[in-house]
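Asker: Now for the letters of each chain:
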Amino acid sequence: MANSHTAHDAHDDHHGAPQGFMQRWVLTTNHKDIGTLYLVFAGIMFFLGGAMAMVIRAELFQPGLQFVDPQFFNSMTTMHALVMIFGGMMPAWVGLANWMIPLQIGAADMALPRMNNFSFWLMPFAFILLLSTFFTGGGAPAGGWTLYPPLVLQGGDSFPMAMFAVHMMGASSIMGAINVIVTLMNMRAPGMTLLRMPLFCWTWLITAYLLILVMPVLAGAVTMLITDHFFGTSFFSAAGGGDPVMYQHIFWFFGHPEVYILILPAFGVVSEILPTFSRKPLFGYESMVYATASIGFLSFIVWAHHMFTVGMPLAGQLFFMLTTMLIAVPTGVKVFNWSATMWKGSLTFEPPMLFAISFLFLFTIGGFSGLMLAIAPADFQYHDTYFVVAHFHYVLVPGSLFAIIGGVYYWLPKWSGHMYNMTLAKWHFWLSAIFVNVLFFPQHFLGLAGMPRRIPDYATQFADWNAVSSIGAFGFGLAQLIFPYLIWSCVRGGEKATAHVWEGSHGLEWEVPSPAPYHSWSEAPAIELIERGAAH
Amino acid sequence: MEQHGKVANRSLTIKLVLVALGAFGFGFALVPLYDVLCTITGVANKANLTQAARIAEHPDEAREVTVEFVAQVPSVGSWEFAPVVTSMKVHPGRLYEATYTARNLSGRDTYGQAVPDVAPSKASAYFRKTECFCFTPQHFTATENKTMPVRFIVDPALPEYIDRITLAYTFYDTQAPSAKR
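Those protein sequence lines, which keep their order, are chains Z and V.
Per the numbering used here, residue 1 is the first one in the first sequence, and the count goes up by one each step.
Per the numbering used here, residue 1 is the first one in the second sequence, and the count goes up by one each step.
Chain Z on its own, in the form it takes in the complex:
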């Protein structure tokens, strides 16, 4: 061990980050730098996708057509989804994984650092390609993010560009996932057994397996769309003996695990934050691991609940309805464990804790509306209405996004070495938590009253709740501007952070100084540190 350490020193000096923009950022193989790049990229995409959401809500503020024409509106809904899912959420999680996984398991870096660099640098190019479709003749893709044929095949010049962008994002995600699995399997410090890993690592391990199993299926579906469009195949063309409904099956075979890819790491982050600020170990660590694995498995056998209305045999509807409802069991285990973690704890309400607690409440609301949608006969009423929009925004915004924000507030002092402005961060939380409900809760009412999704204009009986929802959207959007300002000022300076940062923090990432040095855990951590961190 000692020998290999000296050999390691010889070619990789400990002086810190290389000088020069090119060496430091473009050619970097350092997990912290790549994590930062991913997070900055995700931040830019969140604001870009958010701007598109503002266009959508401005247009829907009143009935009638005010600001944009319907084609552009459809581009907005389509691109908002693609940018947020593939450009915001997924890179944000990969960024957090890059930063935290090596620190949490006592590894010097990710297992495959060069591939790590490549998988990040694919992303900006994928999104340049995707976003440049706005400047093509027919405009950006407008057929919905699910890319259903035959509509998507009529997309004009934007079609091949969007398809290749999806291919590039998929390749990037698969490489990122392989990197996470290899790191977690091979690079754990001696003594860091699988069942001592922090839950963020566990949820990411399962997420990574989902990614390598379903992103290639999306690549397959996209490839079939491309060959249908350009090479005369008829996978989805009824004229040539294909079936457009089959696309929906293949897409949602990817799509349902995909939504768990977006939420499982959030479960991990919340499972880190709640024990810290409750000053208690996580309740039911092992059941959390098993519940996450069960959710991962079940995600593969529920896909057709996205398409109950296409015409399916009764047995199929029953199967997908019941398996979908089954997911509530492991999810319920998790919600119970989080509540039990806080039970009789010495709670304090720092910004990460506030975001984690609101995650717990609001994600559960999104889970309940999901259960309502799982009921096949009732889904015929809800299908493609704003009820669905309300449901998935409740699980993605106060769910995944709040967990990302909470995670950033939790680990930011470790990254920057400074504490941030707690008062302003609490303002950020309260404005976000209030406006997110003003924004999305009325959409349940709109959906139950029958307002369809993806429409730029609507009947006047929907006017009031749409106006409320739009006000919520503008408030939520403005409140998010606090976030980059806080991060910027925290990186620039502020009160020095201690190594442990939070009173109740536990785990290996808090055993390195703040800010985390450019090279950490070059030498494996002592076994006592691992045992102390994993005292659950």
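What the hints contain is simulated information worked out from the structure, not anything from laboratory work.
Just so you know, even glycine gets a beta-carbon here, dropped at the ideal spot from N, CA and C.
Heads up, some of the hints might be wrong.
What the simulated footprint calls covered on chain V by chain Z, stretch by stretch (three residues with Cβ under 8 Å from a Cβ of chain Z suffice, anywhere in the stretch; the number is not a length) [to be verified]:
#1 6-19
#2 26-36
#3 107-121
Restraint ranges, calculated between C-beta atoms of paired labels, are given here [unchecked claim]:
#4 Z:ARG114 <-> V:LEU37: 41 to 47 Å
#5 V:ASN145 <-> Z:LEU151: 28 to 34 Å
#6 V:PHE28 <-> Z:PRO113: 29 to 35 Å
Assemble the complex: chain Z is given as a structure, and chain V must be docked to it using the hints.
Answerer: What follows is chain V alone, placed relative to chain Z:
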């Protein structure tokens, strides 16, 4: 230690890449699997819908079933396409003929391909076509008007609760830019 770690990383990476490639192949394997599942569940039996059946006539005079005929065109401008009669009452087990007419509006030589569908899906296994214009592409000269027959027998084994069957054809222009793609 270092060397060992590198070898282990490489072998696991290769395995995971193979898993990803396998998943890519699985996406394509879903295409034939989908047809198999559709046949098993009876949603749509492609062979039954698009190939000629041989079935002897055993008319069941006591029973009467309504067969409705529906015509659809996927896009405006290619065809006029309609059934000659929109519905008929038939006895299961007896051979009947219905006709559809199509007029080529595209202004050029082309081929039309009809894609059939039977509703309710449970009935599709009992609706037997001995001859149909949907089995092969139909040639049309510019502005040609054609009457096309379909001969069918409703299998007497049709479940009791079904008293109405809808036969729908979608008529595609296989030479249209959107079909050629």
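Asker: Please go over all the hints and tell whether each is borne out by the structure.
Answerer: Status of each hint after checking the structure:
no. : hint                              : verdict
1   : 6-19                              : holds (count 7)
2   : 26-36                             : holds (count 6)
3   : 107-121                           : holds (count 3)
4   : Z:ARG114 <-> V:LEU37: 41 to 47 Å  : holds, 42 Å
5   : V:ASN145 <-> Z:LEU151: 28 to 34 Å : holds, 32 Å
6   : V:PHE28 <-> Z:PRO113: 29 to 35 Å  : holds, 33 Å
Violated hints are absent here; each numbered hint is respected by the structure.
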